[in-house]
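S.K.: Sequence:
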Amino acid sequence: MILCKGVFLDKDKLICSICLDLQKDPVTIPCGHSYCLECIQNFWSGEEPKAPSCPQCRQSFTSRPVLVRNTILAELVEDARKADLCSMDEHKGHDMVSAAAERAERQTKLGLDQQKVQQRILNLEEDLEVLQQAVEAINLSETLTDQTTKISDSVDVFLPEDFRSREDFMKFYHQITLDPNTANRNVSLSEQNRTATWTMIKQNYSSHPDRFAERSQVLSAEGLTGCCYWEVEWSGGVFIAVAYKDRSGAGTWDESVFGFNDKSWALRCSNTEYTFYHNNRCVSIAAPRSSRVGVYLNHKAGSLSFYSVSDSMTLLHKVQTTFTQTLYAGFWMSKSGSMIRLLK
Numbered sequence: 001m002i003l004c005k006g007v008f009l010d011k012d013k014l015i016c017s018i019c020l021d022l023q024k025d026p027v028t029i030p031c032g033h034s035y036c037l038e039c040i041q042n043f044w045s046g047e048e049p050k051a052p053s054c055p056q057c058r059q060s061f062t063s064r065p066v067l068v069r070n071t072i073l074a075e076l077v078e079d080a081r082k083a084d085l086c087s088m089d090e091h092k093g094h095d096m097v098s099a100a101a102e103r104a105e106r107q108t109k110l111g112l113d114q115q116k117v118q119q120r121i122l123n124l125e126e127d128l129e130v131l132q133q134a135v136e137a138i139n140l141s142e143t144l145t146d147q148t149t150k151i152s153d154s155v156d157v158f159l160p161e162d163f164r165s166r167e168d169f170m171k172f173y174h175q176i177t178l179d180p181n182t183a184n185r186n187v188s189l190s191e192q193n194r195t196a197t198w199t200m201i202k203q204n205y206s207s208h209p210d211r212f213a214e215r216s217q218v219l220s221a222e223g224l225t226g227c228c229y230w231e232v233e234w235s236g237g238v239f240i241a242v243a244y245k246d247r248s249g250a251g252t253w254d255e256s257v258f259g260f261n262d263k264s265w266a267l268r269c270s271n272t273e274y275t276f277y278h279n280n281r282c283v284s285i286a287a288p289r290s291s292r293v294g295v296y297l298n299h300k301a302g303s304l305s306f307y308s309v310s311d312s313m314t315l316l317h318k319v320q321t322t323f324t325q326t327l328y329a330g331f332w333m334s335k336s337g338s339m340i341r342l343l344k
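The opening position of the sequence shown corresponds to residue 1 in my numbering, with each subsequent residue numbered one higher.
Rather than coming from a laboratory, the hints here were simulated on the basis of the structure. Glycine included, each C-beta is placed from N, C-alpha and C at the ideal position. A portion of the hints provided could be inaccurate.
Claimed, not checked - Computed cross-link-like contacts, BS3-like style, restricted to lysine-lysine with a CA-CA straight-line distance of at most 30 Å:
(1) K263 / K300
(2) K24 / K13
(3) K171 / K263
(4) K245 / K300
(5) K318 / K300
Claimed, not checked - Now the in silico label distances, taken between C-beta atoms and shown as ranges:
(6) P30 / E126: 48 to 56 Å
(7) L140 / D25: 30 to 38 Å
(8) D12 / F43: 15 to 23 Å
(9) D25 / E142: 50 to 58 Å
(10) T324 / K202: 29 to 37 Å
(11) S53 / T324: 26 to 34 Å
With the hints as constraints, model all of the structure from the sequences given.
M.R.: Right, here's the structure in full:
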């Protein structure tokens, strides 16, 4: 500081924070801080090959900024130099601060500023470390999730879907209709293709490559992806299933019957028991009989659940796998007079 009666000039604003002296050929970089031309060039040369940055605020630049002389700042620096060099006679009657005291004050302030900058750098480094740990945790979580979806169906691993009531499932209700082009000729469709009944009377369906030729089966018209829930009323003996559409309707037993191949998952419902079928393997299920079954599918998570629906929801069977294609709801009326109805 130079303090004279009637004169105030804040020299701290004119000091180069690199050489701690009055700026020589002052230039201002894009962040707003100013330095001696030679000082900032030398500083950046010392930083290579890293990107150039500001010694004070640490802002970095993609390339070296173009350095242009700050004319106004240069004039102020020149005035400050003249003030330092003027004779004592010119300042008779003024109260002056000694150069040594001024330099000591200036160095103390710069030291404090440098401490603040260093502390800020430490804080930013700590924040960066926390962010890096968070990214590592997220990557680990994604890896574990991918591995979880590949675990065998027999392992009791559940995704975090805490459904407690029918209302929870109905949030994902998906309206399903039956596809006449897949219906076997012993399957009669009614109620706007929402009801399927086994009948002895052959239906007058046109030929279609997707039609089931041997089994009294039918698929939904809509493909199922994402999270879906639907309910089915049944009577007689039926298989309630989900399946890929690339199986052959006219193929062998294993190729075409729901639950007897690796492309379909089916719950058999009868008057005496429930049985789950997949890839020609079955699991008997002990549960109270209900004429209504709810099906919940989370395609992306590889989760498929069957529920008995009455006054409460009772889990009958859950599958954890990886679905590789769009799924379709499937139904097999396995005995005479059997019927399914898709509920609205």
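S.K.: Can you give the numbers of the hints that this structure goes against, from lowest to highest?
M.R.: 6, 7, 11
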